[in-house]
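**Q** Given next are the chains, with one letter for each unit.
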Amino acid sequence: MRTASALSPRGSETSTPRRNRIRQLPAAVSGQEVVLVGAIVALWVLLGLTTPAFLSAGSLQPLLSNIAPIAIIAIGQTIIMISGGIDVSVGSMVLVCAVVAAKLMVVFDTPLIVTIAAAMLVGGLLGLLNGVLIAVGRVHPIIITFATSNIFLFIGLRIFDSQTVTGIPPTLAVLGKGINGRFLGIPVSFLVMIFIAAAAWYYLRYVAGGRHFYAIGSDGPAARLTGIKVDRRAVLAYTVTGLLVGLASCMILANGTQNLDQTVGTGLSLATIAAVVIGGTSVLGGRGGVLGTILGAILVQTVASGVTQLGLPSQLGDLFVGLFIMVAVGTDLLRARARRRA
Amino acid sequence: MENHALGPDGGHEVPQNPARVQLTGIAKRYGAVRAISNADIVLYGGRVHALVGENGAGKSTLIKILAGAESTDAGLIEFDGRPVTLGTTSSSIALGIATVYQEPQLFQELTVAENIFAGRELRRHGRIDWAKQHEAVVELLALIGLEERYAPMTVSDLSIAEQQQVSIAKALAQDVTVLILDEPSAILTDAEIENLFTVIRRLQERNVAVVYISHRLDELARIADEVTIMRDGRTIATHEMKDVSIRAIAEAMVGGMHAVQSREHKAEPGPARFELVGLARSNRFHDVNVTVAAGEIVALYGLVGSGASDIAATIFGILKADAGTMLLDGSPVTPRNPRHAQKLRIALLPADRKRQGMFAFQTIAFNVSIGHLPLLTKFGLWVDRKRETVIAKDMITRLAVRTPNELQAIGALSGGNAQKVVLARQLVVNPRLLILEEPTQGVDIGAKEEIHLLISQMADQGTAVLVVTSDLPEALRVADRIQIVRKGTTTVTLPPTASQVDLLAAAAGEEPENSQEGAGHENR
Amino acid sequence: MTSIKIPAPTPDTKPSPDSGQTQVQRLVKAILTQRVMLLAILVVLVVVIMSALDAAGFLAGSYNSDYLSSSLINAVPLVMLGLAQLVVIVSGRGGIDLSVGAIVSLVGMVFGFFYGVWGLPLLASVIGAIAVGAVLGAVNGVMVAYLGFPPLIATLATYYVFRSLAIVINNQQPISTKPIQDLYSLSNSVEIPLIGQYLPNVPLGVVLFLLPTVVVVWFLLNRAPYGRRLFAIGTNDIAALWSGVNVAASRAIAYTVSGAISGLVAVVTVSQFASARPDAGDSGSGMALPSITIAVLAGVAITGGIGRVSGVVVATVLIIWLNAGILLLFVGNVGSQLQSLALGVILVFAALLNGYTNRRYRVMG
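Chains as they are written, first to last, in my numbering: chain G, -12 to 329; chain X, 6 to 529; chain C, 82 to 446.
By construction, these hints were calculated from the structure, which means they are not laboratory data. The C-beta atom is built at its ideal place from N, Cα and C for all residues, glycine as well. Be a bit skeptical, because a hint or two may be false.
To be verified - Partial list, computed: chain X residues near chain C (C-beta under 10 Å):
hint	residue
1	Arg34
2	Val38
3	His345
4	Gln347
5	Lys348
6	Leu353
7	Pro355
Said to hold, decoys possible - Simulated crosslink set (DSS-like; lysine-lysine; CA at most 27 Å straight-line):
hint	chain 1	residue 1	chain 2	residue 2
8	X	Lys359	C	Lys110
9	X	Lys359	X	Lys348
10	X	Lys383	X	Lys359
11	X	Lys325	G	Lys216
12	X	Lys137	G	Lys216
Construct all of the structure, not just a fragment, from the sequences and the given hints.
**A** Right under this line is the structure:
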């Protein structure tokens, strides 16, 4: 109404000088993300005051390298959940990828790149299987991934062959363990995570294909009618998540000891979903982002490490994770309700 | 048809510029049903063409053909003088024919700007061309009258009217030659309608041919240049808007319909069973006054968006009133929810059968008894299944539901039979007030007759009946009195002996005093 | 009530959907659409194949009625939690309960205190366990039905909270006092009175916990007015509202029932372990995943409104007897690992079948 050119008849449009560019996308940082940053800062300050050792490099470096794998898997989970899906099989996928990578190193002494590539290949294939089953079967993703989770568990345990893998060489230490695993004092795995997060953030925000995930999650059938290749997007999301799981499995190996036992990956599926949900991504699809997910992962891991540093039973951390989910989703619900009333 | 002004094309001036789209001799049937038998319409760039007709006259089929959502069985479609074949939405879109449906079809979680380009982002070398999109967004927002700050807002944060503006912008993002607006005003307030008209006028300036479908005839005089009237699958006439009155249009719409046999009045109605005094709810309806006596059938007749169905929902406790009183047998009541309304022995047959009425894959018996579980429960523990079966069987007989038995899933029944089952749920306990919303929508002729007869019998047994309907003959057929609902309030009351034209004209906005002259002209 | 004076109802002239189909087509349709039938056929197949393998000498032990009967002890928690998921999933709007395992852990500890530490009578302790489970389930119910949390999120959050509390409540220690240890007798097999001598002995837990739960849930869903409300809100909660059903309360009750059943499962688990373990219900992959698997296999529609008690029972028996056979067929760890493969493959198969039958034989709404 304010721009003169819009009122001119078709064909005689003159280019009027425009003031500044208007935004076409939602705010880059959501209110929930700001709150999360605040909560993390408050938590770090609090932990720093109560246990001064918390803010030392020796304490923070392991924390950061523990955040990295969870956050990387959660990035994939975010893409899936934005498109309205969910993947509860990532925990079992970690089991498979980790044992494959560990055995390769033990038996063939594979170099770093080959190990990572193999783990990602395995993860990618498992993710592809999820994606294809979901796209072709038109079944709710939670059911398919529950099922494949059981199948992956079997595959992983078979490769373990009922024994803990021992004598894993330190090939992967470069990813984040010890002096060699750091760059400017920060664990390499954390830096890799930041790099992947930035790429995913850019893709989800500025690339048409990324925005289509939001459209699919917002209204799948309508997205199909608009010409968006919904099935192809689903396969892509689950496959990418598989690749990320492969990479994250190597980081988990790097963070661990010489031995790998059969419990690796247990509870990771729900932990990544928790991080994504606390970060503000809607389980109903269409809404959310990578930044919140990273913050969610940082918060969850900080609480886990803070609880042990305070000398409390480690499982108490779960209590806070549960409460964080309630508060994060609860406030979002209240906001939506207030908006509807207005 | 004894209409003076309305011969085919009578007095219709042909505009100077050539036709943009011309449809000639269009016919379309769905199975045995003839949706359109013969339709002609000519659309010109820069003109707003209103399309009116009663429900089932063939309007929506005609615009679906234009939008490419349906193919034609016969007829010729010309675009800029060349014959074209439509029949797929992409073929229509390629010609610049865009449709905005009544319910905005948008991605709720995406921003306004994103919705405008969803699925067809402007790209350069595979990447989104933000600069180009930016230019287009600025221009489109200005065109539809939304400020620039709306661009990054999430659609779910917008009002329905704003969402509709966005869907118009979405339609305009391509090169639009023809824009079809399907009842755009039904969900809008007066102020919002003004805004819509401003947008339409701007499109006129850009030489877009606009097809405007509306039941509110009073609006047409203000926005349309010409009007085509449809009835029984035919285009009856096309007129310059300035040459016809609302009444003349209403007459043409109902013209061929036979006079409706109204119900025989058994006895004088008893004392007032149910009264609404000054009932109001912000933005929905205001100053609603209705009285229904025991044994009386009152019809609330209103067009889509008149507020009549909101009034019904408020009586049933689904919506809350802001002001006014509800009296049941003289004492004030305020139903808190449908359960409470049922305790007061108010029954309601909802309008949208599939969404609000049916439990599709449950049995007929389940669908009947679900409204009466307290009644059917023995010792507070279990459902008396014998009694449930007896009631269901009784209802099947009483309402003549065509089904092998009471264990058939309701979803497998025809529309008319399913409607009878949902209706049966309201009749298990004799209600004090029976509200029927669109009781025969999507129901075949035979079942329609039966349902009307049943309504009449319910009243004869002493039930107060309120029929909320947008079906003109139905209102005249079943009611003892007809109250018109328009723009959220009850206006005049008419007897069942009134003509269809009287009713339609009253509901569509004709002021009673100038019933013979064109009502819309002075507004121009 | 009078009847309208209209011609007697004539049977629908439109041909019924079944006519014009061959016997085979009708049988295929029955098997595909009636999940219990398909599952029962599969159970028979499993038993026949395993018995044949047994006769041919491929099995490590004998796959006979005693073995099958005693293996049913594993079915007790699975059927009960499968029923809990059934109730919750049927309630609709994406109903699911991820917290059942965590409730089992927490209530198990609470029961340990009731019976093993404070010395309450057994019956009072069991009732107390059920009540505490119901309260925990009600937390889910309120979050879902009244506050509008997506069920997946609400129960994920309480999963974390409950399992954490279970561990913290007794300082990470299990409760294995004498009374608790003595509860192991509940896992023994007993002879059924009167007709028992002609049948194999049945695990006591089946009689004491499983059968009563099955009967109560069956009654609740198929005879009680609540069952009608539950299926109504699961089928179409808008229509339920317009029919006068209290939608929020009915949905909240579903989660409460699920919690109560989980509370009883906690007692079963404590007796099986002869110890109240703080991670009883959520160690490893936990109890939630298998119970959801059972429900889906049983044909419960994840969209709500469809599901049967008999389906859950037969689906569990299928899984249990298949697993029992696998354990004899593959000695050692391979056998137990193969169980999860079987579970996964069967679930994929069931889910794809659900999708296919829904598209092919959809009851139009």
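**Q** Starting from the hint list further up, note which numbers the structure goes against and sort them upward.
**A** When the structure is compared with the hints, numbers 1, 2, 10 and 11 turn out to be violated.
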